[in-house]
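Given these sequences and hints, build the entire structure.
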Amino acid sequence: MNENASTIRSKAKALLSLHSWSGIILGMLLYAVIFTGTVAVVADEIGEWSNSNYHQDLLLTTDVNDTVNRLVARTPKEYQEEISAYENDRQQLVYFFHTHRQNPSGVMDEFGIQYLINAKGEIISQQEGFGSDIYAQDDSYALSRFLVAIHTELHIPSPWGLILTGILGLAMLIASVSGFMMHRHLFTDMFSIRTQRNGKSLKRDSHTVAGTWSIPFAILLAFTGSFFSFATAFGLPAMAVVAFGGDQEAMNHTLVGEQQHKSDAPMASANLNGMISDSALRQSSVPAFLSISHFGTESASLLAFYMPNKGKVGFEQLVYDATNGDFVEYKPLVGTVPSAGSAILSLIYPIHFGTFAGLFSKLIWISLGVAACYVTITGLQLYAHRHEKSETSWRWFSRMCVWGFVGLPLCSLSSALGFFVSGNMSLNQTMWTQLSFVIAAIVISALTLSIKNITRLKMLLLAGNGVLCLILPFLRFTSSGIGWLQAIQHNMVAMMFIDMVLLFCSAWCFYSLYTSAQFKHKSVLVENQTLNREEVAE
Amino acid sequence: MLFLKNRRFWLSGPATLIVSLLIMLAMAVWFPAGAGNVNNIMMPLVLFPLIWAILFFYTYLTTNMRRAQWLLAALFVSNSLILTFQFLG
Chain A
0 MNENASTIRS
10 KAKALLSLHS
20 WSGIILGMLL
30 YAVIFTGTVA
40 VVADEIGEWS
50 NSNYHQDLLL
60 TTDVNDTVNR
70 LVARTPKEYQ
80 EEISAYENDR
90 QQLVYFFHTH
100 RQNPSGVMDE
110 FGIQYLINAK
120 GEIISQQEGF
130 GSDIYAQDDS
140 YALSRFLVAI
150 HTELHIPSPW
160 GLILTGILGL
170 AMLIASVSGF
180 MMHRHLFTDM
190 FSIRTQRNGK
200 SLKRDSHTVA
210 GTWSIPFAIL
220 LAFTGSFFSF
230 ATAFGLPAMA
240 VVAFGGDQEA
250 MNHTLVGEQQ
260 HKSDAPMASA
270 NLNGMISDSA
280 LRQSSVPAFL
290 SISHFGTESA
300 SLLAFYMPNK
310 GKVGFEQLVY
320 DATNGDFVEY
330 KPLVGTVPSA
340 GSAILSLIYP
350 IHFGTFAGLF
360 SKLIWISLGV
370 AACYVTITGL
380 QLYAHRHEKS
390 ETSWRWFSRM
400 CVWGFVGLPL
410 CSLSSALGFF
420 VSGNMSLNQT
430 MWTQLSFVIA
440 AIVISALTLS
450 IKNITRLKML
460 LLAGNGVLCL
470 ILPFLRFTSS
480 GIGWLQAIQH
490 NMVAMMFIDM
500 VLLFCSAWCF
510 YSLYTSAQFK
520 HKSVLVENQT
530 LNREEVAE
Chain X
0 MLFLKNRRFW
10 LSGPATLIVS
20 LLIMLAMAVW
30 FPAGAGNVNN
40 IMMPLVLFPL
50 IWAILFFYTY
60 LTTNMRRAQW
70 LLAALFVSNS
80 LILTFQFLG
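For the record, the sequence lines run as chains A and X.
If you count the first sequence from 1, position 10 lands on 9 in numbering that gives the first Met the number 0, and the numbers rise without skipping.
If you count the second sequence from 1, position 8 lands on 7 in numbering that gives the first Met the number 0, and the numbers rise without skipping.
Please keep in mind that the hints were generated in silico from the structure rather than gathered at the bench.
Just to be clear, a hint being listed does not mean it is correct.
Under the rule of at most 27 Å between Cα atoms (straight-line distance), these lysine-lysine pairs were calculated in the BS3-like manner [stated by the list, open to error]:
hint: 1; chain 1: X; residue 1: Lys-4; chain 2: A; residue 2: Lys-12
hint: 2; chain 1: A; residue 1: Lys-361; chain 2: A; residue 2: Lys-311
hint: 3; chain 1: A; residue 1: Lys-451; chain 2: A; residue 2: Lys-361
hint: 4; chain 1: A; residue 1: Lys-10; chain 2: X; residue 2: Lys-4
Written as structure tokens, this is what we have:
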């Protein structure tokens, strides 16, 4: 019996040590990934907000068939292998005529000509190059792309960034599973927050409560996140080596589910508009993008991709025979026929990004993301509290916590500031979005090193966050001229949502500053009263 | 740097990672491809974090280190053999 109890105790101790160290060693990077992941949940909404855009459903309302035929006439034959089309966040249709080639990094990539077409069907611009390069320079996605890339790769060159975020995913898995296994009273821990003498809640209890509620969410996200990172970084190339003798193209064909050799014999394609309308009718929605393969040949096909809608969790892909316009099948995400692998894959994305029930599920995911951020913050603060006894010393760890926890949101907001200001000045928004983040990081680091009082530093950074959260909606309004009345008229939910979130965050920052100031004022009063009493006693 | 002398560190750290990677790669050979011909590629990738987590927590919490060592060794040898046959056979 005693031996049993001692084994349980030693295991609990080992779990606590594992939980602490997995959090402490990678805690700050984990916070960066969780925070930007919470932001990435609404990346599409941020894209629309940053451009004050509302989708005009151009794939349905414009003559896609006519545009494709006009563009085919002016595009080299080699790029007509595949045409992708989607509506961007600036009310334009993007048509990318491309073939597939290895890019300078040795990765298979799309290469061709991208056309930007306005609602009237006029060509605004055209650009030739690799798909990854063209996308990386696209100003309309500059802000959302930048924030998402912090989450996925921490802006570290591929594949190292992906490997690091994969390791962080595993660290999160360790921290959450060990946190779960450590609990002896799981249900009690979900509700009990004790208070200290000064009325403030006990930090350890807050950490436990927030952690307990977000454990299932953290495990799910850690698992799916590490899958995304590792699969992209080395999993798929390694699978190509083992299962396809190193032939990545053959593996891509198997995964995409298409024949390797297609007939290039010319044959007039059916009207694309009919296929798009039919798919929209079947889905009661608008396609997110189209992929037209081998247009004008015997092998012509059209694939319409739909985001999850109305009670469905996964994506939908509808395939049409573009030679006669007939509907062929609902294509699985990978392979040619439904399979367990495809079903799991089609579930992983909606689970990771919370896209399965629109804005409602995204709101829940954001809330749980904030809870996970809070758990990381309080976990590291607990460590700092326990190990930094002296109140007067430099307190490196606490200082680093303030720098990271309050500084990262401020840097992200600064990148949005850079996006709008550079847009208004007709500068390169992609470059200035990144540069603003770096400038803010340098300024915050300098402040962290120069301001001795940590509380003052925290309040200053919090004030910066509050001010930027307040400014950004106005800056967006001045740069686009689209206000809330117009937003309501055009049902611009995404834009209003981000505006409201920013204003809410601003109010929260100023409220936190107010309560901190009140607390400080009360502490000074209590201290003065104690001193007075001591003087009277003397 | 004391942890470098700890046998459990090497078992739960590098050894577990290498064995998990080998299991993932070998699964591409023995896992049924299914009608869609993709299960042997997708399932190992999806299961990799799970395999790693199970092996990690087992090797970290076990009191019988010798058994954990033998288990990892057996998994290492069997999966290496599968991969060797795949490349040479």
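Here is what the structure says about each hint:
{"no.": "1", "hint": "X:Lys-4 x A:Lys-12", "result": "holds (20 Å)"}
{"no.": "2", "hint": "A:Lys-361 x A:Lys-311", "result": "holds (15 Å)"}
{"no.": "3", "hint": "A:Lys-451 x A:Lys-361", "result": "violated (39 Å)"}
{"no.": "4", "hint": "A:Lys-10 x X:Lys-4", "result": "holds (20 Å)"}
The earlier numbered hint that this structure contradicts is number 3, and it is the only one.
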